[in-house]
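Each residue of the sequence shown is one higher than the one before, counting from -7 in the numbering used here.
The hints are simulated quantities; they were obtained by calculation from the structure and are not laboratory data. Glycine included, every Cβ here is placed at the ideal spot set by N, Cα and C. Possibly wrong hints are sitting among the right ones.
[Unchecked claim] Distance ranges between label pairs, derived from CB positions:
no., residue 1, residue 2, range
1, R62, V269, 49 to 57 Å
2, D254, K92, 44 to 52 Å
3, I223, Q268, 32 to 40 Å
4, R260, N79, 19 to 27 Å
5, E37, L108, 28 to 36 Å
6, E31, A158, 30 to 38 Å
7, R62, V83, 42 to 50 Å
8, S90, A160, 22 to 30 Å
9, S90, G277, 39 to 47 Å
10, L193, T91, 20 to 28 Å
11, G153, G262, 20 to 28 Å
12, S239, Y97, 24 to 32 Å
13, Y248, G89, 33 to 41 Å
14, L102, M263, 25 to 33 Å
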Amino acid sequence: MNNANDAECGRGSYCPSFRVDRSRRTGEAEVRRRLLVAEGELLDEERVLLSRLRLLQLGWFSRVETRVERGSERGLVVLVVDVTERNTLIVTDLIVGSTKPEPIYGGLGLSQQNFLGRGLGLSGAFAYGGAPAGRPQDPDRFAARASFFAPDVEVPLVRHGLVLGATALLVHGEEFACGDPDCKGFGGNYGAAPRIRYERLMGEGTVGTRPGPFERLLVTWRWEAIHATDIGVGSSVAGPAILAGNSRLSALTGTYEMDTRDDFFFPREGMRTQFQVTFGSRLLGGDYEYS
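Can you build the whole structure from these sequences, using the hints too?
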């Protein structure tokens, strides 16, 4: 299935045309706005090559080819962008396991990289273990996560647009609070082992911009409500760094990312570099200090 659209341009310029092979999930406008070239400009081969690389990085297409065709008049050319779309629904997490106190547990995560053909990212994941064997009165242990990501939101006066994201996380879990593998409680269904039972509810928001076509500069704020209960934990036992009772976590994370890979799934050239710093403090309204 093909879709081609050629527009008129002035002399000595070019006009990009968009052609989709086999599928029409991604709208023409979504491809055009990610090109580093514009109608009415002189043909710049380097910017055409960078535009092709940027489209491949999205992960929406298995193939991106560009070519120049003669226009309707002398001095006019048409830039044709020919893409083949790929499946953008991917499995991000697949968990299956078994232990003596937990005969079976598992989880699944899915991500859609091009939701509704608009370039939006949606993902979700869960893990479930239930109550431990021999302790049916214990609460079920599980985790669930949902995320939204908009990598390129058009905003007036912002050259490369804004980057927006949000994540929610809910966890009901336990962690052993005995660092010795020969701990006396590590037997049977571990019912006598010292442990910390906790519930976590987290929300995270991200906003950023693109200093360049292959760069991202992001700021993320994380807020988390935590409730933890000590079970058989003595003062001499080293447990996870979670405060007993109700507590809050608040942190800011700054991220700089540069990605020049030629493919999201199977890169053959380029690299991905990321620098990140996180600051959690009572100054931000939380109960934990870390960086």
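| Can you list which hints this structure breaks, lowest number first? | No numbers; nothing is violated.
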